[in-house]
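Enquirer: All chains, full assembly: derive it from the sequences and hints.
Here the protein sequences line up with chains A and B, keeping their order.
Going left to right, the first sequence walks through residues 0 to 325 as numbering that gives the first Met the number 0 numbers them.
Going left to right, the second sequence walks through residues 0 to 325 as numbering that gives the first Met the number 0 numbers them.
Bear in mind the hints are in silico, worked out from the structure with no lab data behind them.
Some hints here could point you the wrong way.
The list cannot tell twin chains apart, which means a pair is met if one copy fits it or any two copies do.
[Stated by the list, open to error] Calculated lysine-lysine pairs in the DSBU-like style (CA-CA distance at most 35 Å, straight line):
1. Lys262 to Lys24
2. Lys303 to Lys227
3. Lys24 to Lys236
4. Lys35 to Lys157
5. Lys303 to Lys262
6. Lys303 to Lys123
7. Lys24 to Lys303
8. Lys222 to Lys94
9. Lys100 to Lys315
10. Lys43 to Lys123
11. Lys157 to Lys24
On a predicted model such as this, the values are computed, not experimentally measured, just so you know.
There are 2 protein chains.
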Amino acid sequence: MNAFTKTYNTYRALVDQRLHSIVRKAEPASLYEPMKYILSSSGKRIRPILIMLSCKAAGGTAKEALHAATAIEIMHNFTLVHDDIMDHAESRRGKPTVHTKWDENVAILVGDELIAYAYRELLKTESKAISRIADVFTDGVVEVCEGQAYDKEFETVKDITIDDYLLMISKKTGKLFAVSAEIGALIGGATERETRALRSYGNFLGRAFQIQDDLLDITADEKEFGKKIGGDILEGKKTFLLLRAAERAAGKDKKLIENILRKKKISCATIPAVKEIYERYGILELARNAVDRDIRQANIQLEKLRAGTAAEMLYKFSHWVLNRNF
Amino acid sequence: MNAFTKTYNTYRALVDQRLHSIVRKAEPASLYEPMKYILSSSGKRIRPILIMLSCKAAGGTAKEALHAATAIEIMHNFTLVHDDIMDHAESRRGKPTVHTKWDENVAILVGDELIAYAYRELLKTESKAISRIADVFTDGVVEVCEGQAYDKEFETVKDITIDDYLLMISKKTGKLFAVSAEIGALIGGATERETRALRSYGNFLGRAFQIQDDLLDITADEKEFGKKIGGDILEGKKTFLLLRAAERAAGKDKKLIENILRKKKISCATIPAVKEIYERYGILELARNAVDRDIRQANIQLEKLRAGTAAEMLYKFSHWVLNRNF
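Expert: As structure tokens, then:
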């Protein structure tokens, strides 16, 4: 096991431990059973690990950032629970979603309570910068809601451009990455320059992560990915790939892509047909280049940090995001 | 206009002004239009006024408490938006609810964003006790969610007792009143004894307020109340009145009450029939006595405060809650 994997696993275990022990109440059962269910489900814990690595890179310790790291993961889980209601998603991380296993009312309340739990956990952070940290955190929640609102709006708008898409994912995904890196920086006592660099690092990394997610939907191994391959296509989701294909494809191919954008005539046979179009028009390569470019931009930010093994870990973190297959 | 009404109106105008100007963004419209809609709708602003009066009674000024007062009203509005989804309520304060005017997804997101806005506003409070204030606020959100979870659980449980009901309303209504009074105390720089007294005052006042609400459902003037008279009966809602009637009524009367508790055979004719039962078995008097008792208990707490016009205002506030007809 290399040094990065070891660190990653150690940090993830710390966050998991905290998440699993945070709900101490049992009643009302309709609230606390699903709370325990969602917080004990597995996850990559990318955002908390980003907080902990950023804190260390700024001169702090990973443990100082543990409450904030746990808080961002709880906040991320709130977005999953509520987004899954809105998207009518039946499963998540291989398990039934909260509104499927219980009902929508339960899922609404669980999401709400997760927000409160996230703040409670965040505010346990001992830092002179706690008030700024709380503001950054709140800005994150606000933008994530904005991102989700755009995402839902885009479902019924015909002419979504790549720019619309990039704005949406910078809010829905990029922002919580940027917030994580910035909060880590603030807890670790970073200079303003380092704080800005880490925030920007998080932003680029988040965008790369989301485009990579769009790519994995069509290129991943179903077992490793934990989701059905081609799911985005079946849902007619306006992803980086589909929007770029709409720009590039012509004739019959363009017609097929436009049908998917309008959620028309989609079947299982559509998945291989679209994959073939993606390959023929170089869409997969376009997406890979976009991810590469963002990762390079992210890494450039790291040059502004003090040198050391902690900054090294962030390069490895980018590399891991770039090469992940789940 | 007496001194209390003048103070009440002044404070309410301050809170309204802040609420109306707090949303500065326009995009995404699916989020910010309903945000503005809900925050510009009128309301009694009881919780914010309680914060401001408590702050003054503890030696502070009403203005110092304005951010926290606005925050608690935003938080209260979040609970209304999400509860209205869960209760399938079509109108609120004489206007269509958010999920009726837009849709459920919009209402979920608006509620979420309101929580973030509430924290943002709360954390603008300048106070040495800000970290404790934030903890008290968060405990409030958690208990309000618990109260709502119990409320929904009780809908399908047959044998709800008055004790179950009192636990539920102490969480769903009492807690935010207690939190308001306590936060006001903390901002005003109250002693520990005063803080405890104000928290307890809020708790009793909140319970009185809720039982009064149950009473008004059957005794109020429809126009002044702003809700349909007998609405709780039509919904088969387990209120203080209905649960007490279930204990006291006999024979045919008991059968009728039990049908309502099971949401069976309810029609418009049920409302006058139930009102007659409430009168015959002394249920309305029982409820009025319960409200009186809580208000007296609340007022006893006020004796522990430093004397002055601010404490006097809180007595008048209790009196107003007791005698309100809307």
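Enquirer: When no copy is specified for Lys157 and Lys24, does a C-alpha distance of 35 Å or less occur within a copy, between copies, both, or neither?
Expert: For Lys157 and Lys24, only the inter-copy Cα distance (24 Å) is at most 35 Å; the intra-copy one is 47 Å.
Enquirer: Checking an output row: Lys35 and Lys157, CA cutoff 35 Å. Within, between, both or neither?
Expert: between (40 Å within a copy, 27 Å between copies)
Enquirer: Check Lys43 against Lys123 for me: Cα-Cα at most 35 Å, and say if that holds within a copy, between copies, both or neither.
Expert: Classified as both; 23 Å inside a copy, 34 Å across copies.
Enquirer: At 35 Å max between alpha carbons, let me know whether Lys24 reaches Lys303 within a copy, between copies, both or neither.
Expert: Close across copies (33 Å), not inside one copy (45 Å); limit 35 Å.
Enquirer: Up to 35 Å between alpha-carbons, please classify Lys303 paired with Lys227: within, between, both or neither.
Expert: Classified as neither: same-chain Cα gap 40 Å, cross-chain 64 Å, threshold 35 Å.
Enquirer: Go through the copies and call it for Lys303 and Lys123: within, between, both or neither, with a Cα cutoff of 35 Å.
Expert: Both: 29 Å inside a chain and 32 Å across chains, each within 35 Å.
Enquirer: Between the shortest in-copy and the shortest cross-copy C-alpha distance, which are at most 35 Å for Lys24 and Lys236: within, between, both, or neither?
Expert: Answer is between: at 27 Å across copies they meet the 35 Å cutoff, but 39 Å inside does not.
Enquirer: Since the copies are identical, ignore which copy is meant and state whether Lys303 and Lys262 lie within 35 Å (CA to CA) inside a copy, between copies, both or neither.
Expert: neither (45 Å within a copy, 66 Å between copies)
Enquirer: Is it within a copy, between copies, both, or neither that the alpha carbon of Lys222 lies no farther than 35 Å from that of Lys94?
Expert: Classified as within; 14 Å inside a copy, 50 Å across copies.
Enquirer: Since the copies are identical, ignore which copy is meant and state whether Lys262 and Lys24 lie within 35 Å (CA to CA) inside a copy, between copies, both or neither.
Expert: So Lys262 and Lys24 pass the 35 Å test across copies only (31 Å; inside, 44 Å).
Enquirer: From the Cα coordinates, with 35 Å as the cut-off, is the pair Lys100 and Lys315 best called within, between, both, or neither?
Expert: This pair counts as neither: shortest intra-copy Cα distance 38 Å, inter-copy 49 Å.
Taken one by one, the earlier hints fail for this structure at numbers 2, 5, 9, listed in ascending order.
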